[in-house]
Amino acid sequence: MAWCLVTLAWVQATGMGLYGALISTAPKAHQELPVLLRIFFQQTLGLTAFIGVLALLALVHAMTGEILWLLFGTSGLGAAAACWRWMKGNTPRFYPPSLRSASDAIFLIGIFILLMLRAFQAPGHWDDVSYHLPLARLFVEHHGLAVSEYLRFPYFPANMQLLFGAGLLLSGNLLAQMLATLPVFVTLVGLVGFSQWLLGSSAWGYIAGALYLNLLPVRETLGFAYVDYGVALFCTAALLGVAVWQRHGMQGNRWLIFAGLAAGVAGGIKLLGLVFAAVLGLAIWVISRKWRAPWVFGLVCAAAAGGWYVRSYLLSGDPVHPVGGPVFGFYLWSLEDLVSQQNEQARHGVPKHWYNFFAAFSHAHLQVIWVALVAVVLAPRLPRQVVLLWAVLVMFCLFWFNVSQVNRYLMPVLPLACFLAVAVAQELCRATGWPALLTRRIPRQRALLVTMAVWLGVIYLTAPLAREWHKQPAVRAQLNAQPAYLLSRKANEVAAQYGWQMMNVGYENAHYFYNGQLLGDWFGKDRFPDYAIFQDGSWHMRPAPEVLARMQKNDVNLLLIHSGSFAFDAADYGEHFDLLLNAGPGYLYAKKPSSN
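In our numbering, the protein residues as written are 80 to 675.
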């Protein structure tokens, strides 16, 4: 927790400096922006700077714990010296906080602690240990950028994995998961600040934040090292930056530069970030009716995200590997792999017919989008920025519906959907006159009562997070309950005898737990279909001699099989392999000396 607070302080201090240089010096740049909205933009800039520093360190292979300690230490000394100089020439004045400020501070501190406690769990949801954390550890081991062609997406953009790598360097798994969860908190701050600015009440922002925390894609992976929260944060920041630019008469380029920078960081996290950037760029062109604005936005976005795609092109020949295979040629992945991946994605959701559009959100357990889409009906009564937000939501949802209906792939617009939903709710309250407490100014003497009511409502919605954290077992017990961890630990113990390579069939989530090189995946090098055949509606391991021959070709002595996904003849494999451990559906085998 201490390192997380240090990182948060560095991000805030750096963000304040960048915000002052980029935004505050412009005339009317942040006029009427609430404090929390300014803090949100500052946090976004600070995280952008931190990721940028990590990228530069990784590029020159200087990403070490000592360098990060030096970075934080020198920054702290510099900040202390600046504060000392300021205090010598100025008399500090302290004013008692208002009820609203005190309430916001107390409540946000509570939410921050709750979210960070949620990260106190063992890794092992799936993608975190099969891809995100293994890539972060690879960067740590090489002190910079590196490639493992046995990971499913070895050339994907990796801004968030750099952040996870910093967490691994400074403290380990828990800090990496805290840094993955931090964008959720910053996003909540943005929702509160934006609601106060555009809707006139921060209460609606807290309600939007509570809705966001209780959405299935957020709740499922909260506290694990997933990159989707980072994408959601930077996409939200880009959109809110454009909304501020529109509110200020679409004058100047500073907010466009900010939006392009945030969208570029999102594109440097995941390809979906680029999709969102394209949608937002189109929206900018429509509302400005000029080419200059989308060009400014697009160029900054390309500059921020482009490095990852140039790297992918130089190493694989495909800037968006493996998606661009049909155009740029296939490397590691084959056409069959890409088609198989597309077919797997197509199994999510509902049939892609226009009349299933709303049913798709119900299937994804994201009915909040239904409410958000109603905002256009109330557009004449809402701020015009709501129309911009609604248009971006619709365009992105159309892309999602027609390409892949995985519910997590809507993460870039889920904060936006929650905000639009509460905007609709506020307008309905105004139209019906109930409850008036949230739609008009109230006497000061009732403010405390209203604040307490809002607190109780939001606490009720966020209580499941606290209950889940309280009920979960200790981290060590969580690890010991995972067969992938137990089997990998055994493989680590015998690596001196059998070597540091292991072929897995069905256990991609062992990547992070195994300290050596784990081979095998559905796509790319050493595909599972090379070791198994599909018959009678399920997968079956090939005969042991065939598997052994393939392993000998790669000089691999350890074999890990998930029997629940790949059935096999234990007697056949017992003739050629020694069984080292059986944990759950997992079987760890070692090649018998007589099989050489």
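Hint data in this document are derived by calculation from the structure and do not stem from the laboratory.
Idealized CB from N, CA, C, for every residue including glycine.
One should not assume that every hint holds.
Computed cross-link-like contacts, DSSO-like style, restricted to lysine-lysine with a CA-CA straight-line distance of at most 27 Å [said to hold, decoys possible]:
1) 632 <-> 604
2) 604 <-> 550
3) 632 <-> 671
4) 569 <-> 671
5) 632 <-> 670
6) 604 <-> 569
Pairwise CB distance ranges, derived in the manner of DEER restraints [stated by the list, open to error]:
7) 371 <-> 146: 14 to 20 Å
8) 328 <-> 435: 37 to 43 Å
9) 551 <-> 617: 53 to 59 Å
10) 653 <-> 632: 17 to 23 Å
11) 84 <-> 551: 44 to 50 Å
12) 144 <-> 477: 42 to 48 Å
13) 394 <-> 644: 39 to 45 Å
14) 657 <-> 609: 19 to 25 Å
15) 199 <-> 368: 18 to 24 Å
16) 394 <-> 145: 25 to 31 Å
17) 162 <-> 423: 53 to 59 Å
18) 154 <-> 617: 40 to 46 Å
19) 642 <-> 551: 48 to 54 Å
Hints, verified against the model:
| no. | hint | verdict |
| --- | --- | --- |
| 1 | 632 <-> 604 | 13 Å, holds |
| 2 | 604 <-> 550 | 40 Å, violated |
| 3 | 632 <-> 671 | 15 Å, holds |
| 4 | 569 <-> 671 | 17 Å, holds |
| 5 | 632 <-> 670 | 13 Å, holds |
| 6 | 604 <-> 569 | 24 Å, holds |
| 7 | 371 <-> 146: 14 to 20 Å | 40 Å, violated |
| 8 | 328 <-> 435: 37 to 43 Å | 41 Å, holds |
| 9 | 551 <-> 617: 53 to 59 Å | 33 Å, violated |
| 10 | 653 <-> 632: 17 to 23 Å | 22 Å, holds |
| 11 | 84 <-> 551: 44 to 50 Å | 23 Å, violated |
| 12 | 144 <-> 477: 42 to 48 Å | 45 Å, holds |
| 13 | 394 <-> 644: 39 to 45 Å | 31 Å, violated |
| 14 | 657 <-> 609: 19 to 25 Å | 23 Å, holds |
| 15 | 199 <-> 368: 18 to 24 Å | 50 Å, violated |
| 16 | 394 <-> 145: 25 to 31 Å | 28 Å, holds |
| 17 | 162 <-> 423: 53 to 59 Å | 54 Å, holds |
| 18 | 154 <-> 617: 40 to 46 Å | 56 Å, violated |
| 19 | 642 <-> 551: 48 to 54 Å | 27 Å, violated |
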